[in-house]
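Protein sequence lines, in the order shown, are assigned to chains V and R. First residue of the first sequence? That's 5 in the numbering used here, and the numbers climb one at a time after it. First residue of the second sequence? That's 826 in the numbering used here, and the numbers climb one at a time after it.
Think of the hints as simulated: they come from the structure by calculation, not from any bench. Heads up, some of the hints might be wrong.
Stated by the list, open to error - Covered stretches of chain V, going by a simulated chain R footprint (3 or more residues, C-beta under 8 Å):
#, region
1, 72-86
2, 97-105
To be verified - Across the chosen pairs, the derived CB separations fall in these ranges:
#, chain 1, residue 1, chain 2, residue 2, range
3, R, Thr931, V, Gly67, 54 to 62 Å
4, V, Ala268, R, Ala1097, 56 to 64 Å
5, R, Ala1097, V, Val334, 51 to 59 Å
6, R, Phe1096, V, Ile8, 45 to 53 Å
7, R, Trp1094, V, Gly67, 52 to 60 Å
8, V, Thr317, R, Ala910, 50 to 58 Å
9, V, Arg181, R, Trp1094, 43 to 51 Å
10, V, Leu55, R, Thr931, 36 to 44 Å
Ideal Cβ positions, reconstructed from N, Cα and C, are used throughout, including at glycine.
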Amino acid sequence: MSLIVSNITKTFDHFPALTDVSFQAEPGEFLALLGPSGSGKTTLLRLLAGLDQPNTGTVQFDGIDYLALNPRDRRIGMVFQSYALFRHMSVAQNIAFGLTVRPSKERPSKSEIKATVERLLKLIQLEDFGHRYPSQLSGGQRQRVALARALAINPRILLLDEPFGALDALVRKDLRRWLRQIHDETGVTTIFVTHDQEEALDLADRVVVLKSGQIEQIGKPVELYHRPQTEFVFDFLGSSNPAPARVDGDTAHFDGFSVPVISATPLNGQKTTRFRPFDTQLATEGAGFKAKLVSVLPAGPSLRLELKGADGTLYEVHQAHDSNAADLKVRDTVYIRPTKVYAF
Amino acid sequence: MSAKAARFPKTPAAIGLTLFVIAWMVLVIILPLANVLFEAFARGVAPYLTSLAHPDAISAVKLTLLVAAIAVPLNAVFGIAAAWAITRFEFSGKGLLLSILDLPFTISPVISGLVWVLLFGAHGWFGAVLQDAGIQIIFALPGLVIATILVTLPFVARELIPLMQDQGTDEEVAAVTLGANGWSLFFRVTLPNIKWALTYGVLLCTARAMGEFGAVSVVSGHIRGLTNTLPLHIEVLYNEYDSVGAFAAATLLAGLAIITLILKTFLEWRFAGELAAHRKH
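Build the full structure now, drawing on both the sequences and the hints.
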């Protein structure tokens, strides 16, 4: 019962929104579509839901040609960033909607619908809210109702379009954990669109990284993070510093020191490698990139230092609060040494 | 939630301007309306009631109601269809369609009547064909109805378009993914969301349809007891120096206007958030 997306291409007025996109979602998998705005992730979601048709390519679920199915027959539960709750219906009516609009032959009985609604209200921990209206709920509550409404139709696939985009940071984090829990309980194959890399890496079993309508990399969060295959993936998943080096297989040589290099394929020659702010050592003398301290941001799990190299390069470096870096002052000269670098 | 507007200081100029506006409205609206009542009852209640009970007056009221009863539902259906097409689909020429939709507002009602005479009148384009078929449009009910439809065409659509634009398509898209067909989509999602704006538009449309004079005057032929609507009936009586009769009939129209105003104010007060004209956010 896996979802197989093959060679999807979609253009809008000659603008290529998606180019040759293929991936597969295994049964019960939690998949994230990650990319910046304009990367085509929402377009892809709309194609899966049947709200748009691709120019070429196929979408199959459990052997069924999904592109030939009307959106209302796809049994895809969709959750929108804007919640899209029916404002004139109570919470209970919202959740029941997908069941009550079924043709009379397939429609469950009134008592069955009521039982389903109650079960889902319990699942989303809003048991006493059935009679309320969406306008009487907080953003987080509304999104939970939207999820219950999508789950009510017993969907084959659950699609979530930036579900937490309109919520504040604390609620987001809470709902994120809760969503993962619901997924693990219900076991519905879930595809979820986000531009927030932290959200994608936290939640998903696998992440599909999109850039300008093309897939950059598909992988488990840990693979993506530790083995990024493209510069884009590396830069998108976190802060990154440039470091020109002579790469020789698995070692990058700098002026006065050498460090291990991580790359998808063995590389040789002059490369602009990259390193993470926390893969660094700072020293007041010795080998390294000479830089002046511009500012120190002390709030957070580590000290974040902004430095400016002699050639104008800006660096971001993270050091422990109790390290020597705590004694540095703005305009001090330091030497930055990455402990490992990535090359593409 | 509407943000509180910054308030102007109460200067003599501001007070003067307010007083001027109030005085002007009394002069041009309240006084003439009061005069209608005064003239209607100038010779007492009995002549007032007698003139309203005249068969021509009763026939005019019936015709006015009949024309509105046909024209308003048709305009409501068209208005919903137009608002749906404009706010839910992308197509070229949308801007042009919106401008054409406003044409009945800007064009003189006399023209709105005359176009039908030029098309369906005895010497119009289709005049001969219609005559042979024995179909009478001009100087008959169909003419009154189409002239009224043309004049009142934009009211419902104009009320719905901004609201539906504002509400967006999210709820409808959600309904489709949940399995709703077109029918349940419209009656269970779209219609409940626009019902008050629709009521508001229908109300304005009805008021205008009943009060319309210019366009109807051209196509009516002023046949007493047959093709005279209430506004036309008033004119006929007035031209015959039956001022009590004319003003008595006018009280009906004025009464209608006041009822419309009350309903309109009620809708605006009660459902402000669901009316396009008074969006709360």
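Checking against the hints above, which ones are violated? none
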